[in-house]
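Residue numbers (my numbering), protein chains in the order written: chain R, 13 to 288; chain D, 13 to 288.
Some but not every residue of chain D turned toward chain R, in silico, with C-beta under 8 Å:
{"hint": "1", "residue": "19"}
{"hint": "2", "residue": "21"}
{"hint": "3", "residue": "264"}
{"hint": "4", "residue": "265"}
{"hint": "5", "residue": "266"}
{"hint": "6", "residue": "268"}
Here are some, though not all, of the chain D residues that point toward chain R, as calculated from beta-carbon distances under 8 Å:
{"hint": "7", "residue": "22"}
{"hint": "8", "residue": "73"}
{"hint": "9", "residue": "76"}
{"hint": "10", "residue": "270"}
{"hint": "11", "residue": "273"}
No lab work stands behind these hints, which were simulated from the structure alone.
Given the structure is predicted, the values throughout are model-derived calculations rather than measurements.
Even glycine gets a Cβ: it sits at the ideal position worked out from N, Cα and C.
There are 2 protein chains.
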Amino acid sequence: METVATAKSHGGVQGVYRHPSTATGTDMTFAVYVPPHAPGTRLPVLWYLSGLTCTHANVTDKGEYRRACAEAGIIFVALDTSPRGEGVADDPAWDMGQGAGFYVDATQAPWTPHFAMWRYVTEELPALVAGAFPVDMARQGITGHSMGGHGALTIALTCPERFRSASAFAPIVAPSQVPWGAKALGGYLGADRAAWRRHDAVALIEDGARLPELLVDQGAADAFLAEQLRPELLAAACAAAGIPLTLRMQPGYDHSYNFVSTFMADHVAWHAARLR
Amino acid sequence: METVATAKSHGGVQGVYRHPSTATGTDMTFAVYVPPHAPGTRLPVLWYLSGLTCTHANVTDKGEYRRACAEAGIIFVALDTSPRGEGVADDPAWDMGQGAGFYVDATQAPWTPHFAMWRYVTEELPALVAGAFPVDMARQGITGHSMGGHGALTIALTCPERFRSASAFAPIVAPSQVPWGAKALGGYLGADRAAWRRHDAVALIEDGARLPELLVDQGAADAFLAEQLRPELLAAACAAAGIPLTLRMQPGYDHSYNFVSTFMADHVAWHAARLR
Chain R
13 METVATAKSH
23 GGVQGVYRHP
33 STATGTDMTF
43 AVYVPPHAPG
53 TRLPVLWYLS
63 GLTCTHANVT
73 DKGEYRRACA
83 EAGIIFVALD
93 TSPRGEGVAD
103 DPAWDMGQGA
113 GFYVDATQAP
123 WTPHFAMWRY
133 VTEELPALVA
143 GAFPVDMARQ
153 GITGHSMGGH
163 GALTIALTCP
173 ERFRSASAFA
183 PIVAPSQVPW
193 GAKALGGYLG
203 ADRAAWRRHD
213 AVALIEDGAR
223 LPELLVDQGA
233 ADAFLAEQLR
243 PELLAAACAA
253 AGIPLTLRMQ
263 PGYDHSYNFV
273 STFMADHVAW
283 HAARLR
Chain D
13 METVATAKSH
23 GGVQGVYRHP
33 STATGTDMTF
43 AVYVPPHAPG
53 TRLPVLWYLS
63 GLTCTHANVT
73 DKGEYRRACA
83 EAGIIFVALD
93 TSPRGEGVAD
103 DPAWDMGQGA
113 GFYVDATQAP
123 WTPHFAMWRY
133 VTEELPALVA
143 GAFPVDMARQ
153 GITGHSMGGH
163 GALTIALTCP
173 ERFRSASAFA
183 PIVAPSQVPW
193 GAKALGGYLG
203 ADRAAWRRHD
213 AVALIEDGAR
223 LPELLVDQGA
233 ADAFLAEQLR
243 PELLAAACAA
253 AGIPLTLRMQ
263 PGYDHSYNFV
273 STFMADHVAW
283 HAARLR
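Build out the structure end to end from the sequences listed, making use of the hints.
As structure tokens, this is what we get:
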């Protein structure tokens with residue numbers, strides 16, 4: 013693992029790191045904020061998964077999480093949304109291929125050699141972070157935005173023993189039922205929709221996955237709300253399954269980091285309360 | 013004036029606007045954050061001047077000012093650092109020309125036709141903002157970063173009746189005495205150093221300009237500290253002139269927005285207390 017950059021920020025250290033990934037077969041870049049802490053202590057960790065087109069840098073620049081993480085004593089990890097670079101398959105559209113890995117392990121050509129973001133984010137990166145940063149892996153939370161909200165929900169639902177807390181900002185909750193998701197899951201996993209259900213939060217809940225609770229913020233003026241995000245499908249699934257969901261429709265907010273940054277401190281504090 | 017974009021953020025509205033400037037003879041883009049407020053009320057305004065290479069977007073993306081401005085009820089204005097575009101003179105270096113206007117009105121070729129940032133920021137933009145946003149122009153504060161700190165200090169020292177509060181992040185305090193400043197002031201204003209003194213905070217203070225107080229934060233690990241920034245020159249000038257200066261050397265912080273964003277909320281609150 014190579015250190016790309018570090019800087020003191022809000023009393024802690026914001027770092028950017030790069031490593032050759034065995035999951036993706038490419039170099040992967042990620043960011044870790046370590047708040048001020050007593051030497052030798054291990055801190056809870058909040059994983060942040062980003063949305064379509066993003067790298068680690070979008071939330072690192074615009075997410076406004078550092079002050080809240082410094083106050084709460086939480087490590088914040090942000091990663092890329094796909095493998096990238098020469099020799100990595102891509103799609104001319106921004107909602108498929110590089111920048112759009114959808115947090116799945118592709119089974120279909122041309123994606124199979126590199127698009128293994130599920131394995132990367134659930135296995136390889138946690139092992140790397142656990143060895144290199146002062147994290148307490150018994151206290152993990154996960155969140156994300158849009159496609160990253162999809163990733164956070166599906167990973168939390170699949171690994172409930174690992175995460176004490178899960179939340180999302182404007183998540184894609186039912187990719188099988190919306191255009192972004194149908195295109196991506198069809199491309200990465202093939203036409204058999206049965207394989208999609210393990211990567212669809214609503215389907216996972218229908219199929220028996222459970223979480224103790226969920227927090228979701230959604231901008232009511234989000235241009236993708238009605239067609240791509242459809243939080244009402246998550247609300248219905250959670251209600252049927254008895255999962256306590258706090259779904260806050262935030263009037264006037266769009267899909268951008270103006271929205272995410274506004275509610276970031278709330279989410280960090282919410283996770284912190286559950287990771288103490 | 014044309015609205016480029018607006019988005020709800022921290023309860024208020026972050027907007028980006030463009031207008032044809034008579035001062036620069038180019039289109040100029042600027043950003044205004046208006047916090048939540050009761051209809052009909054007029055709010056204090058904090059002007060933020062950016063550093064070398066920046067546009068309005070750097071602080072808008074990375075400055076983390078919106079939460080603090082929402083809490084304090086302050087309007088925040090950020091502008092570009094120079095005229096830009098085809099037909100505007102430039103320099104191959106990043107510390108001269110486009111992105112490096114140094115908040116002066118150029119008197120030298122090839123800069124004269126467009127590089128009139130002093131007039132732009134002290135006359136044209138305030139008149140535009142006063143007419144288009146709910147600002148109380150009797151309650152203005154000014155701050156800035158690096159080259160923008162230089163701009164904030166020189167403008168506050170020149171127009172003390174206009175600004176109730178002035179602060180800076182890692183400012184260039186004595187451009188006549190450092191390489192960035194000598195190059196820029198020589199280029200824009202010519203070889204006669206007498207003309208530079210009106211654009212040098214330390215020289216202005218030596219020549220009798222006064223302010224009721226000043227707040228300056230400076231990263232102690234700033235790579236530009238010893239050669240370009242030299243806050244000790246400001247400290248000496250303020251001490252000799254009896255200007256109360258709060259100069260905080262912040263251990264471990266560099267020159268980036270990791271530093272600016274860490275202390276932004278402090279500065280906003282400091283201005284707010286003086287603009288009430």
